[in-house]
Every structure is written in C-alpha cells, then in structure tokens.
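Required output: the full structure, derived from the provided sequences and hints.
The residues making up each chain are set out below.
2 protein chains.
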Amino acid sequence: METIVPVTVMNSTGPEPADPSRRTAPEEADPVSALICRLDGFAPLTEPERAALLGLARYVRTVERHTILVEQDGVADHALIVFSGFASRYKRRASGRRQILAYLIPGDFCDRGALHGYPLDHTIEALTRCRIAKVPRAVYLELLGQHPGIALALQRAKLAEEATAHEWLANIGMRSGPERMAHLLCELLERLGSIGQVVAGQFEMPLTQTDLAETLGLSSVHVNRVLQALRREGLIALRGRHVRILAPRQLRELAEFEAGYL
Amino acid sequence: METIVPVTVMNSTGPEPADPSRRTAPEEADPVSALICRLDGFAPLTEPERAALLGLARYVRTVERHTILVEQDGVADHALIVFSGFASRYKRRASGRRQILAYLIPGDFCDRGALHGYPLDHTIEALTRCRIAKVPRAVYLELLGQHPGIALALQRAKLAEEATAHEWLANIGMRSGPERMAHLLCELLERLGSIGQVVAGQFEMPLTQTDLAETLGLSSVHVNRVLQALRREGLIALRGRHVRILAPRQLRELAEFEAGYL
DNA sequence: CGTGTTTTTGAATCATATCAACGCAGGTGG
DNA sequence: CCACCTGCGTTGATATGATTCAAAAACACG
Numbered sequence: 001m002e003t004i005v006p007v008t009v010m011n012s013t014g015p016e017p018a019d020p021s022r023r024t025a026p027e028e029a030d031p032v033s034a035l036i037c038r039l040d041g042f043a044p045l046t047e048p049e050r051a052a053l054l055g056l057a058r059y060v061r062t063v064e065r066h067t068i069l070v071e072q073d074g075v076a077d078h079a080l081i082v083f084s085g086f087a088s089r090y091k092r093r094a095s096g097r098r099q100i101l102a103y104l105i106p107g108d109f110c111d112r113g114a115l116h117g118y119p120l121d122h123t124i125e126a127l128t129r130c131r132i133a134k135v136p137r138a139v140y141l142e143l144l145g146q147h148p149g150i151a152l153a154l155q156r157a158k159l160a161e162e163a164t165a166h167e168w169l170a171n172i173g174m175r176s177g178p179e180r181m182a183h184l185l186c187e188l189l190e191r192l193g194s195i196g197q198v199v200a201g202q203f204e205m206p207l208t209q210t211d212l213a214e215t216l217g218l219s220s221v222h223v224n225r226v227l228q229a230l231r232r233e234g235l236i237a238l239r240g241r242h243v244r245i246l247a248p249r250q251l252r253e254l255a256e257f258e259a260g261y262l
Numbered sequence: 001m002e003t004i005v006p007v008t009v010m011n012s013t014g015p016e017p018a019d020p021s022r023r024t025a026p027e028e029a030d031p032v033s034a035l036i037c038r039l040d041g042f043a044p045l046t047e048p049e050r051a052a053l054l055g056l057a058r059y060v061r062t063v064e065r066h067t068i069l070v071e072q073d074g075v076a077d078h079a080l081i082v083f084s085g086f087a088s089r090y091k092r093r094a095s096g097r098r099q100i101l102a103y104l105i106p107g108d109f110c111d112r113g114a115l116h117g118y119p120l121d122h123t124i125e126a127l128t129r130c131r132i133a134k135v136p137r138a139v140y141l142e143l144l145g146q147h148p149g150i151a152l153a154l155q156r157a158k159l160a161e162e163a164t165a166h167e168w169l170a171n172i173g174m175r176s177g178p179e180r181m182a183h184l185l186c187e188l189l190e191r192l193g194s195i196g197q198v199v200a201g202q203f204e205m206p207l208t209q210t211d212l213a214e215t216l217g218l219s220s221v222h223v224n225r226v227l228q229a230l231r232r233e234g235l236i237a238l239r240g241r242h243v244r245i246l247a248p249r250q251l252r253e254l255a256e257f258e259a260g261y262l
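For the protein sequence lines, the chains are S and G, in the order given. The letter at position 188 of the first sequence is residue 188 when you use the UniProt record's numbering, and the numbering goes up by one with no holes. The letter at position 110 of the second sequence is residue 110 when you use the UniProt record's numbering, and the numbering goes up by one with no holes.
Please keep in mind that the hints were generated in silico from the structure rather than gathered at the bench. Glycine included, each C-beta is placed from N, C-alpha and C at the ideal position. Treat the hints loosely; a few may be bogus.
Per the computed footprint, the stretches of chain G lying under chain S, defined by three or more beta-carbons under 8 Å from a beta-carbon of chain S, are [to be verified]:
| # | segment |
| --- | --- |
| 1 | 93 to 103 |
| 2 | 156 to 168 |
Below, in silico cross-link-like pairs of lysine to aspartate or glutamate (DMTMM-like), each with a Cα-Cα straight-line distance of 20 Å or less [as the list claims (entries may be wrong)]:
| # | chain 1 | residue 1 | chain 2 | residue 2 |
| --- | --- | --- | --- | --- |
| 3 | G | Lys158 | G | Glu142 |
| 4 | G | Lys158 | S | Glu162 |
| 5 | S | Lys158 | G | Glu161 |
Here you go:
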C-alpha cells in the first residue's frame, strides 16, 4: 500500500545544495552525492550526468518504516532509488514466514529490468524510515537514454547486485549460523564503507534481530545467540543498532569472505 | 568427504560442424529448435532471426560431464548456450563444499551481462555430458545488434533467471528438506516441460543425489531420505535418473510452488 | 567379472527450531 | 507524572531435523 506522505515532510524541489547548517544526522549530509559517488565508481560520470542525477532530488520522499513500496505481483511504473535508510526485497510464505532476498541501501536502486512491465516476484518494503526517490518510468528511461554513462554504471551496479544475490544463496546454503552472520556483517562493512557510512570500523545497522533472522534463514532466537557468541569471541561489539567490528580479519576468515564482488 | 574429480578442460578450438551421422539420444533430434522455441516464447522471433539462431549450430561442441566451461575468476570471452544436458553454476568453499547456484538446461544461456569483461564470481561446469555452443564475443554481440527480437527475448529470459534465483534463495532460506525437494521438482517439471522434455509427468533428471544436496543446501544422506519420504507418500516415483511426478497437485501444495515465474 | 560410483542403511551427535516467559526501553494517553 | 502498552532483546528448557561417520548393497561400465 502506497502511503501518500504529506508535503510538509519533504518538499525540496530541484537540486539541494549541501547545507552546512542542516545538522540532522551525519550520514544524511547530502544523500544524492552518495548515489553519484557510487555510480561514478562503476563508470565515470560527466558533469551533465551528475547534474541530471542531482535533479532526481525532486522525486525524493520520506517513507516510514514498514512502508510497502512495491507489492508482490504489482507492476512497477516507476524506478526506486534509495538515498537513506534500509529497504528490502522479500518473499513471503502462506505461513507468514518471510525470506529477505536483498537489502537496498543508500545508492541502490530498483528498476525491475528497466521497467519491463512484468509483475514483480517479490515485495519491496522499507526496513527503516527511508528517503527514497520514486522516479516515473518515462523520466527514468529518458535519463538512461540521454546519459549513456549513467546507463552503463547502472548496468554494472546490477551485475554487482546479482553477484551479491549469489553470495547470499551460497551463504545460506553452505554456512553455519555464526558464519552466515559474519559474512553478512562483512558485506555490510564493505557496502556501507563504499558509501562512506563506516567510521573506524563502526556503522549503524538499523535492523532488528528478526530482520537478520529472515535474512539469514535462521530463527530470531538463534540469531540472538549467534550474536552473543560473536561478541563473546571478541569479534564484534553491538550496542543497540550500532555495530563495531573489532576483529575484521578474523571475521572475514570465519566467513570466508572474499572482498571485491561488489 | 568430497572426492576431487579429475577435470577435463575444454580444448577444442575452431568451429566443429554439426555431424548428422551422430545419432545419440532421441530428444536430441534438433537441439537448436528447443532454443528457438524457448526464445520465441519470450518474444516473437522473425524468420531471419530464427535463421540466425540456426547458424549457431556451427559453434556447438559436446563436452563431457564435469567439464569446467568457465572457471571462477576467469573472464568469459564467449557466450554459452546449452542445447542438451545439464550444466551448473556453483561456488566452492575452501573446505571443498559446493553450492550450486543455478542449473543451465537446454535453451539456457550464459553471457555474463553481455560479456562485460568482468571476472566471473562462480564456476560453470557440465553436470552431465552436454551439447553446448561457445559463441565468440564478437559474433554474439553482432547477433544481438542485428536482431532486436533476439536481444529482447534474451533480456526477458534473464529476468526469468533472476526470478528463479530468488526462488532458490527463498527455497533454501525458509523451507524444510522435503519442501525444498518438492519445490525443485516442481521447477524442473515446469522448466523441462516448457522445452518439451516432459512426457506424461515423467522426465529425465540426470542429477546425482550429491548434486541435489549441493543444490538444496542439504547433505546427500538427507537428500536420500527425503526422496524416500516423497516416494513413500506416493508423490513421486524414481527409478535411476527417471522421475515420474505422481501427484503434481500435492507436490505443489507441499512446496507452495507458484507457477509462472519462469 | 571386477572396479568405481551411487544409493541406501544405521547409529550417534549436533545445530537449530520451537515454545514460553521475562525484562527493558520508548512512547502514549489519562 | 504515572500506568500502560508494545516492540525488541534475552533466557531456559525441550524437541527435532539434519549432519556425520561408517559401511553395505546396488548399479553402471569397460
């Protein structure tokens, strides 16, 4: 169900220059720049391309946690771009049990294969309060058509997303609970790091233990115990949603995490 | 303990014309037609497009079981198209444990995002003796450029492949052993059916129980017991590699299998 | 036939799920 | 300001599904 957010929440139109006086959360300094930075990492962007991306700020909305952005079997008529917060793709069983298929973090997008008009095979939902651009199909296609650099970067980003999906399948398929968790933490460390949201091995992971359970194919109780074990071993520290990776080397070793597939 | 199987490396160079005198299996009557049929299902093909596809027969090779087609971290300089047999994508852990990420069955292809020049994040190996076309990068790109219908069909086929990958992740993440197996069987029934390899609810599944285990994230012993359970319940019959689905309705129910994502 | 692979079996063990309950913190409304 | 509620993390006890190890039986192949 699409919640219509009151304009008062988010009314900025046009490019929004970095404003040093706006000190809300450190990571929200300039949400669009994270996207530009990430895409530029995949393929170098020209100035007009950067400008075009900045123009997307026009479509940004704030959505509350648990807002469903695209319902399973629904047809997406717009592309989604995440600027802050975590969103997820997931499937649900009749029993109510869920499996999260992917996280959408700032800089990630969802265009369902350039909006082919097929119904989606999963649901997309905000795991936290998010700032998300809903870009109309026509505008999005225009953007891709006009700016080949953006199109290329998005294509490569999609390859990375595919690689991550493979990684997740292998993770659930052949790792134990602690190993799975370690692997996920390594991945988040890397992904959040690449968008500048890791400082001194620490980052915010605004996920419930239930979310983690539904990601890793474990029960939430077991997730709790696995996290305790990782803390006991001195691999991580966890206070609320704040994670600190104490022993990145050992964590990677435990997970057999291979960097660089992103 | 996982036995290390001696690996044959593909060494054939240069096109090897299809040899009409080789009469091996009945279902191999015209391997290319299966591909055409499948692609045509995704997007209607013109006559010249069909002709162009037939021309691919030129690149078909027979590869033995366990032949590695593309090594992990290798860069693919050609597209693969499967005409008969089963191949697999998989990842391996240091312990030797494997996780199969996908099956490549007749009509499936692998172009690694139109040959971006990135190293592959997984290995591609023949699970059985296969007939596979190795199409050089240049030829493949030419084919896509010349024939938009083929390009579109391949793009849609890729969306289907992505949907299948999601399905597998959800399968391993939230289903029990028997449910996973049932789901896989339903998927194979549907996929093999769509290429005419199912007759009266029966098909050939040339997979070892170890292969199945590495697909479903179970031990091979457990796979064996799960299969016995499904037989005991009268859901399937299994003799050698020959599967007969006795109660498709109940099997789908057990698996909560939703048709139509292919 | 004999050899290697695959399937099947049994028994012991372990990892993880399930159920149920409690505590704690933040938010809400009286 | 307090009582209440709700969501989340934590715990213990118990159940069970799945793994492991080891070995025998059944096949497939040359």
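Subject >> Hint check against the structure, violated hint numbers in rising order >> reply: none
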